[in-house]
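Engineer: Please construct the entire structure, taking both the sequences and the accompanying hints into account.
Protein chains: 2
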Amino acid sequence: METLPKIGKYEFFAMPFHCDFNNRLMLGHLGNYMLNAADFHSRDRKFGFDYLTTIHRAWVLSRFAMEIEKMPKAYDKFYIETWVESAMRYFTKRNFKVSSLDGKEVYAYGKSIWAMIDTRSRQPQNILEVNDGLISDYIDKEYPCPIADVSRVIINDDLQKCRSMHPKYSDLDINGHVNSVKYIDHILDLMPAQTYKETPLKRFEIAYVAEAREGGCAQLLQRRDPGGRECEDNKG
Amino acid sequence: METLPKIGKYEFFAMPFHCDFNNRLMLGHLGNYMLNAADFHSRDRKFGFDYLTTIHRAWVLSRFAMEIEKMPKAYDKFYIETWVESAMRYFTKRNFKVSSLDGKEVYAYGKSIWAMIDTRSRQPQNILEVNDGLISDYIDKEYPCPIADVSRVIINDDLQKCRSMHPKYSDLDINGHVNSVKYIDHILDLMPAQTYKETPLKRFEIAYVAEAREGGCAQLLQRRDPGGRECEDNKG
Numbered sequence: 001m002e003t004l005p006k007i008g009k010y011e012f013f014a015m016p017f018h019c020d021f022n023n024r025l026m027l028g029h030l031g032n033y034m035l036n037a038a039d040f041h042s043r044d045r046k047f048g049f050d051y052l053t054t055i056h057r058a059w060v061l062s063r064f065a066m067e068i069e070k071m072p073k074a075y076d077k078f079y080i081e082t083w084v085e086s087a088m089r090y091f092t093k094r095n096f097k098v099s100s101l102d103g104k105e106v107y108a109y110g111k112s113i114w115a116m117i118d119t120r121s122r123q124p125q126n127i128l129e130v131n132d133g134l135i136s137d138y139i140d141k142e143y144p145c146p147i148a149d150v151s152r153v154i155i156n157d158d159l160q161k162c163r164s165m166h167p168k169y170s171d172l173d174i175n176g177h178v179n180s181v182k183y184i185d186h187i188l189d190l191m192p193a194q195t196y197k198e199t200p201l202k203r204f205e206i207a208y209v210a211e212a213r214e215g216g217c218a219q220l221l222q223r224r225d226p227g228g229r230e231c232e233d234n235k236g
Numbered sequence: 001m002e003t004l005p006k007i008g009k010y011e012f013f014a015m016p017f018h019c020d021f022n023n024r025l026m027l028g029h030l031g032n033y034m035l036n037a038a039d040f041h042s043r044d045r046k047f048g049f050d051y052l053t054t055i056h057r058a059w060v061l062s063r064f065a066m067e068i069e070k071m072p073k074a075y076d077k078f079y080i081e082t083w084v085e086s087a088m089r090y091f092t093k094r095n096f097k098v099s100s101l102d103g104k105e106v107y108a109y110g111k112s113i114w115a116m117i118d119t120r121s122r123q124p125q126n127i128l129e130v131n132d133g134l135i136s137d138y139i140d141k142e143y144p145c146p147i148a149d150v151s152r153v154i155i156n157d158d159l160q161k162c163r164s165m166h167p168k169y170s171d172l173d174i175n176g177h178v179n180s181v182k183y184i185d186h187i188l189d190l191m192p193a194q195t196y197k198e199t200p201l202k203r204f205e206i207a208y209v210a211e212a213r214e215g216g217c218a219q220l221l222q223r224r225d226p227g228g229r230e231c232e233d234n235k236g
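Chains as they are written, first to last, in my numbering: chain A, 1 to 236; chain B, 1 to 236.
No lab work stands behind these hints, which were simulated from the structure alone.
The structure presented is a predicted model; accordingly, all values stated were derived computationally and were not measured.
Any given hint could be a false lead.
Chain A stretches covered by chain B per the calculated footprint, using a threshold of three residues with CB under 8 Å from any CB of chain B [to be verified]: (1) 14-20; (2) 35-45; (3) 162-170; (4) 175-181; (5) 185-194.
Straight-line Cα separation of at most 20 Å, PhoX-like style, residue types lysine-lysine; simulated pairs [to be verified]: (6) A/Lys6 / A/Lys70; (7) B/Lys77 / A/Lys77; (8) A/Lys197 / A/Lys70; (9) B/Lys70 / B/Lys111; (10) B/Lys202 / B/Lys73; (11) B/Lys111 / B/Lys202; (12) B/Lys73 / B/Lys197; (13) A/Lys9 / B/Lys77; (14) A/Lys77 / B/Lys202.
For glycine and all other residues, C-beta sits at the position ideal for the given N, C-alpha and C.
Structural biologist: Here you go:
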């Protein structure tokens, strides 16, 4: 069997109705394209969702960081490259590079950490046991992803409650859970849209700790840096 | 100059993260793909948003009906064909056909009505005056779109208020207005997700009368047919 390259490279297109009023791809949509690229990469290499389903396992995104140089404009075609940087028993690191077709422009980088669960018990599973540790054949430690690692999210007392989110049909993904990037949309929605006209997003980082489900309620909290913007719902 | 065919045909792909728990493309995403196809078609033929912007005009979607035979599954590639059925001074009808690559399976049809406005005055403009009535060269009255026409939406006293919608950043499109298909998402979200497991959507129809804007509030009302499901928010 021919071995696929370690790095998967997929072409995407900034559909105009996925762009915001800056004429640039929205972060949530870029995130969604990245997750799709991750799925294509793992699927082609026989450790994707579709194979895992047959053995009652699933990937769970644990942390995700995106750093934006410049967002693709409407109608821009671009590549998303993705590869596995490391794989341990309970976590694997997957990186992303988003660049123009001619390779001259880098739009964004991404880093992510994934765990694997048993879909019946929801318990963590040993990633290296799947397909005799097949994932280890595809590790690339060399290809650069020059952004800061995902970090711990600090939750303490100076967080202020902004808004509640009640997951609904359009929030849910193929597994019936809230789509990982929908959280990103809900978080970005805390700020007035004008924010994104004035201040292009530089880095977005998220840690997934528990799943929000339909019928449940997720609290959106905010800590504002001095001089930072405040969620609209806390004003007045 | 070579004339393009009247019917535009564009290939799309049901990205897994655009699918719901039925493993099928979500209606809102299909609607978004259809609007993108409409944009590609009109753009290639020199009466698209990008050209209109230069003369301070824009298309405004007025009515939109989709009828679903069967939704594309995750990873399915499909074509969206779109064409102009008629063009009058203040309205143009645009149809859609969504089918499998081999043409054997029809996934959906769509009908839509569009107006053109001046982006400064927001007043309706004569569509036939744009580029010397260029749009008339592309009218195809013959290609079948065998679904019922868009109809009038009847608003009367037996409508019950379900929910309020406060447009936010992720709802807004390239023009800074609420994305046309985001209304569809918000309307589908009135029903518990389980509804879509039990009852595949057959037809969705929407009339756009006024734009919801960030900072504003749109009311979501419901009339329930005998035996029909009720919005969750009205229960208990």
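Engineer: Check whether three or more residues of the stretch 175-181 of chain A sit with their beta carbon closer than 8 Å to a beta carbon of chain B.
Structural biologist: holds (count 4)
Engineer: Closer than 8 Å, Cβ to Cβ, for at least three residues: run that test on the stretch 35-45 of chain A against chain B and report holds or violated.
Structural biologist: holds (count 3)
Engineer: For a C-alpha distance cap of 20 Å, please report whether lysine 73 of chain B and lysine 197 of chain B respect it.
Structural biologist: holds, 14 Å
Engineer: Do three or more residues from the stretch 162-170 of chain A put their C-beta atoms closer than 8 Å to C-beta atoms of chain B?
Structural biologist: Coverage by chain B holds for the stretch 162-170 of chain A (3 residues, Cβ < 8 Å).
Engineer: Please work out if lysine 6 of chain A and lysine 70 of chain A have their alpha carbons no farther apart than 20 Å.
Structural biologist: Violated, because 26 Å separates the two Cα atoms, which is more than 20 Å.
Engineer: How does the coverage statement for the stretch 14-20 of chain A fare against chain B, requiring three or more residues with Cβ below 8 Å from a Cβ of that chain?
Structural biologist: Coverage by chain B holds for the stretch 14-20 of chain A (6 residues, Cβ < 8 Å).
Engineer: Are the Cα positions of lysine 111 of chain B and lysine 202 of chain B separated by 20 Å at most?
Structural biologist: holds, 14 Å
Engineer: Take a quick look at whether lysine 197 of chain A and lysine 70 of chain A sit within 20 Å of each other, Cα to Cα.
Structural biologist: holds, 13 Å
Engineer: Check the hint pairing lysine 70 of chain B with lysine 111 of chain B against an upper bound of 20 Å on the C-alpha distance.
Structural biologist: Holds. Lysine 70 of chain B to lysine 111 of chain B sits at ~17 Å (cutoff 20 Å).
Engineer: Has the given pair, lysine 202 of chain B with lysine 73 of chain B, been kept, meaning a C-alpha gap of at most 20 Å?
Structural biologist: Since the Cα atoms of lysine 202 of chain B and lysine 73 of chain B sit roughly 16 Å apart, the hinted pair holds (cutoff 20 Å).
Engineer: Just to be careful, I want the Cα atoms of lysine 77 of chain B and lysine 77 of chain A compared with a cutoff of 20 Å; is the pair within it?
Structural biologist: Holds, at about 18 Å.
Engineer: Tell me if chain B covers the stretch 185-194 of chain A under the three-residue, 8 Å CB rule, please?
Structural biologist: It holds, with 7 qualifying residues against the three required.
The structure shown violates the earlier hints numbered 6, 14.
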